[in-house]
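Novice: Sequence:
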Amino acid sequence: MAATVDTATAAPPAPSRRRLTNGDPVLVSALSGLAILAIVLLVGPWLWPHDSNTVDLAEQLMPPSFAHPLGTDNLGRDMMARVLTGARTSLGAGLIVVVAGAVLGCSTGLLAGALGGYVDTALTWLTNSILCFPAIMLAMAVVMAYKPGVTAIVIGLAIHSFPWYMRTLRAEVLRISSLDFVKSTNAIGATRKRVLFRHILPHLISTIVLQMAAVFGAAVLSLAALGFLGMGAQPPTAELGSMITDGQQFFLTGQWWMAAFPGLVLLIAVTLTTIVADRARELLDPRGEFIAAD
1 MAATVDTATA APPAPSRRRL TNGDPVLVSA LSGLAILAIV LLVGPWLWPH DSNTVDLAEQ
61 LMPPSFAHPL GTDNLGRDMM ARVLTGARTS LGAGLIVVVA GAVLGCSTGL LAGALGGYVD
121 TALTWLTNSI LCFPAIMLAM AVVMAYKPGV TAIVIGLAIH SFPWYMRTLR AEVLRISSLD
181 FVKSTNAIGA TRKRVLFRHI LPHLISTIVL QMAAVFGAAV LSLAALGFLG MGAQPPTAEL
241 GSMITDGQQF FLTGQWWMAA FPGLVLLIAV TLTTIVADRA RELLDPRGEF IAAD
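Letter by letter, the sequence shown follows residues 1 to 294 in my numbering.
Since the hints were derived computationally from the structure, they do not count as laboratory data.
Predicted model only: the values in this text are computed from it and were never measured.
Glycine included, every Cβ here is placed at the ideal spot set by N, Cα and C.
Careful, some of the hints might be misleading.
Said to hold, decoys possible - Below, a list of computed lysine to any residue pairs in the SDA-like style, where the Cα atoms sit at most 25 Å apart:
no., residue 1, residue 2
1, LYS193, HIS203
2, LYS147, ILE130
3, LYS183, ILE205
4, LYS147, MET137
5, LYS193, LEU179
6, LYS183, LYS193
7, LYS193, ARG167
8, LYS193, ASP120
9, LYS147, PHE228
10, LYS183, ILE130
11, LYS147, LEU229
12, LYS193, VAL99
13, LYS193, GLY116
14, LYS193, ILE176
15, LYS193, LEU204
16, LYS183, ILE159
17, LYS193, VAL119
18, LYS193, LEU115
19, LYS193, ILE208
20, LYS147, ALA225
21, LYS183, ASP120
22, LYS193, GLY117
23, LYS147, ASN53
24, LYS193, VAL209
25, LYS193, ALA171
26, LYS193, ILE205
27, LYS147, VAL99
28, LYS183, ARG198
29, LYS193, VAL103
30, LYS183, TYR118
31, LYS147, PRO134
32, LYS147, LEU104
33, LYS183, GLY116
34, LYS147, GLY230
35, LYS193, SER107
36, LYS183, ILE268
Unchecked claim - Now the in silico label distances, taken between C-beta atoms and shown as ranges:
no., residue 1, residue 2, range
37, ASN74, ALA141, 28 to 36 Å
38, LEU252, LEU42, 41 to 49 Å
39, ALA67, LEU252, 21 to 29 Å
40, ILE268, ALA171, 27 to 35 Å
Sequences and hints are given; from them, build the entire structure.
Specialist: Given below as structure tokens:
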């Protein structure tokens, strides 16, 4: 008589962790919002072909209207054009900080975790020394050494962001290197390079993505704060932080739109990025500590 198979025991166990593709509603909504914002910023100049630096003194401080949906500033410049340009400047600079910090931080983190010894000690000392300074203070020091502008701020923020990548990746490399599958790979004679790039690095992708999302929001806020202090983009270049600074003096006299709309775009971008980072951390936690209820 043929043996019967118990389907209850033969069926694969249900996954205990919710996968990203299952469609977390909060994460999907935040990603959709970021996608819409990115599309608006990319196609905005073609849909609204106004020069953000064109001065028209006859239309100073005009409230939002059909001709100027976001109003005009104290020089008669169209606020819609300036918000689109300023958002591209701020968010683009934040993206550069994220990429530059990730490239430098991931490289040093992999080296520190894989090589150990003097390399690990030197890189750890370097990153700890950089982290002694707040991000804004380090960026201000670079601005004073170079010159005010977005370029100097990006350099300063990128220098400050890479230690976070390095520390996180170093810890993950050390953790994964202690697992049995890596020890088995070493035992059969695999080279250190093969183990690092073929067996360890793929397990670090989610960690890198989460770190990039977190750094992006912090970089955009720091850039806006330095722009608010007058160290960011210099006139007439539009940038969200400097636009908020220019508009605050008119806020109490009724021209609220000059500071409100740049601040609203900044709030939306940072909030959506923070939500994505938090939800993705729960769904892609590399240690498997987050268990989602079905």
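Novice: Could you check the structure against the hints above and give me the numbers of any it violates, in ascending order?
Specialist: 10, 16, 36 and 38
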